[in-house]
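Novice: Given these sequences and hints, build the entire structure.
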Amino acid sequence: MKNRHPVIGGYVLPGLPHPLLVPEANPGWSRLRQGFEQVRAEIAESDADLLLIYSTMWPSVVGHQIQADPEPEWVHVDELFHDLGSIPYKFRMDADFAADYCRQCRDRGLQARTVAYKGFPIDTGSVVALKLINPDNRIPATIVSSNVYADRAETVVLAKSAVAALERSGKKAIAIVISTLSNRLHQEWIKPEEDQVHSLKDQEWNAKILDFLKAGRLEDTAQLSRQIHREARVHKVVNFKPFWWLASVMGEHNLYTGTVFGYEAVFGTGSAVIGLRRATRAARDLEFDEESPERYIGDRNVLGPSSDSMSGWSSQVQVASQPPGEA
Amino acid sequence: MKKGCIVAGVLAPHPPHLVYAENPPQNEPRAECGWENLRWGYERLRKNLENIDFDTLVVLSPHWQTYVGTHFLGVERFSSVSVDPIFPNLFRYHYDLTVDVSLAETMERHAREAGLVTRMMRNPDFRVDYGTIVSCHLTRPAWDKPIVSISSHRSTHYFSPDVMLASSLKLGHATREAIEASGKRVVLLASNSLSHRHFTTEAEVPEDMSREHIYHHGQYLWDMKVIELMKAGKTRELVELVPDFTEQTVAETDSGALTWMLSALDFPSYPAEVHAYGTVIGTGNAVVEWAHEAHLVSGGAA
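If you read the sequences in order, they're chains A and B.
Reminder that position 251 of the first sequence reads as 251 in this note's numbering, one-by-one numbering, no gaps.
Reminder that position 184 of the second sequence reads as 184 in this note's numbering, one-by-one numbering, no gaps.
Check before you lean on any hint, since a few could be wrong.
Derived, one-sided and incomplete: chain A residues facing chain B with beta-carbon distance under 10 Å [unchecked claim]: (1) Ile43; (2) His82; (3) Leu84; (4) Lys118; (5) Asp123; (6) Ala150; (7) Asn183; (8) Trp189; (9) Pro192; (10) His235; (11) Asn239.
It should be emphasised that the hints constitute simulated quantities derived from the structure, not laboratory data.
Model, not experiment: these values are computed from the prediction.
Note that CB positions come from ideal geometry on N, CA and C, so glycine has one too.
Specialist: Structure representation (structure tokens):
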């Protein structure tokens, strides 16, 4: 049996500033704020040493960048929703971990660097998340950028580099991706009470993603990334990557219990607060691509065995030696 | 009131590398040299502008990215530090600038009345984007003129390059009308590169020019085609090519900046002055001037 996985839980968090700055303006934004607060409570009860963040709202070009300023401090204003107000912040980053994360990236062939500059512009999504889920900076964080040119292979290796750094450090982390589901914004100014998901198509794709994640099917969601990119995303970057990173950093399987703490429209986007905890076995009898994500042991007959007979396969069994329900 | 006018339009790309290589006191990092072709091109531009009397620099920046409408800076003064989120090792620039708020408001009103979605940016804590700062610094390092900064409404990504083209043409027309109504003499800056595929690695010494070249020959051919049209005064033909150019070379014309400026200049048919072409981390960049007022006064066609 492997040692306990260093990533003890994961979250998907939306990055627009409305739940932080004006939750009272729309009941949906207020419910999302409550979702963030539930996540905050869960994290406070965990024994995590680190918040490991991948933000789709921090684009990079030269490889990946990792925030390594121990105490970044600024007054942030969103470039689009500047009228909602300013966000003063002071965070606590794990600079030592960031340095090793960067080393692990380089050892695996990635271009990466740490950034620790006074006034470096931390992205809105990371600022919103850290303000809401870790307001007292009890747990240090690290943030990695999303390279606009990166595709699946680079993103998966980026995540594996994070796991390697965690294993070296002995730290337990909670993995967080900052991303909306569908990301189309309304194209005209709306009143807060008029907010809704931009289109029925976006709504349907968001519902699919939520169904998958509620069933704990993180790897399956990751496998859908290219399709999600085509169907529900504005094409700012080459692909929709956050679930590749999250699945890779948590373990490429479907052995999770998913909780949707909130799903609402924020200026047209599908914004969801989702939690993923490790489960002892997959929630459903699904056609996994492999018996083991770690070792090739031959083709499998997906029509043959029952879920009972699959229970011994490593793709169906929790990778950590921890009791059921433990995060 | 005397009718305002656009005295010049400039394609004024904003790679922070150029400011880095200049070593101005405002920028924290220090360089040995680098990207001289482009920097010397900006020198020639500045020399030309010394002979032109103008009131305000108006810049449309690809790095103030707004997915809902076109935004205009609407606070009289900004003073802060701009750290490039992509190249923080090269650009940490302390700026102190003034905004021509009345002109910005006039532009916003004309754009809104033309049917565009707009917003004035009134938050005093707002950090001015580095595209605006780099283009303005390289054009006028003394910072002795107020600016108007216009955001890039990301229609290319949200819809298509053709939609971006249509809205940029409309914004350019509204900009010209607003400038004429203001009575001011204005220099326009389109703050965009041409082809815009970057290398994703960086030399240990960023100014190591042995590493600098175009990302791909196809990008270069497209850049030359575009520059040839500028030199020939064929700006309407150029604008028609912008959607294809944008798609084929991931060009920073996706921002709408170049199209906006050519529309505001009413599609000059006189030759532009190309001060420089060069690459920055694989992207194609040109410093190009349309000495608009001079050509109008001399009877040249606009």
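Novice: None of the hints should be skipped; say for each whether it holds.
Specialist: Outcome of the hint check:
1. Because the closest C-beta pair between Ile43 of chain A and chain B is about 27 Å apart, greater than 10 Å, the hint is violated.
2. Interface restraint check: His82 of chain A against chain B, minimum CB-CB distance 4 Å, threshold 10 Å, status holds.
3. The criterion of a C-beta within 10 Å of any C-beta in chain B is met by Leu84 of chain A, whose closest approach is roughly 9 Å, and the hint holds.
4. About 7 Å separates the beta-carbon of Lys118 of chain A from the nearest beta-carbon of chain B, less than 10 Å, and the hint is met.
5. Evaluation of the Asp123 of chain A hint against chain B yields a held restraint, the C-beta minimum of about 8 Å falling below 10 Å.
6. Checking Ala150 of chain A against chain B by beta carbon gives a least distance of about 8 Å; that is within 10 Å, so the hint holds.
7. At its closest, the beta carbon of Asn183 of chain A sits 9 Å from a beta carbon of chain B; the interface hint therefore holds under the 10 Å criterion.
8. Taking 10 Å as the C-beta contact cut-off toward chain B, the hint placing Trp189 of chain A at the interface holds, the least distance being around 7 Å.
9. Here the hint on Pro192 of chain A is broken, as its CB sits about 14 Å from the closest CB of chain B, past 10 Å.
10. Given hint, His235 of chain A at the interface with chain B, holds; its Cβ is 6 Å from that chain's nearest Cβ, closer than 10 Å.
11. A distance limit of 10 Å between C-beta atoms decides the matter here; for Asn239 of chain A the minimum to chain B is near 14 Å, and the interface restraint is violated.
Against the hints set out earlier in the document, violations occur for numbers 1, 9 and 11.
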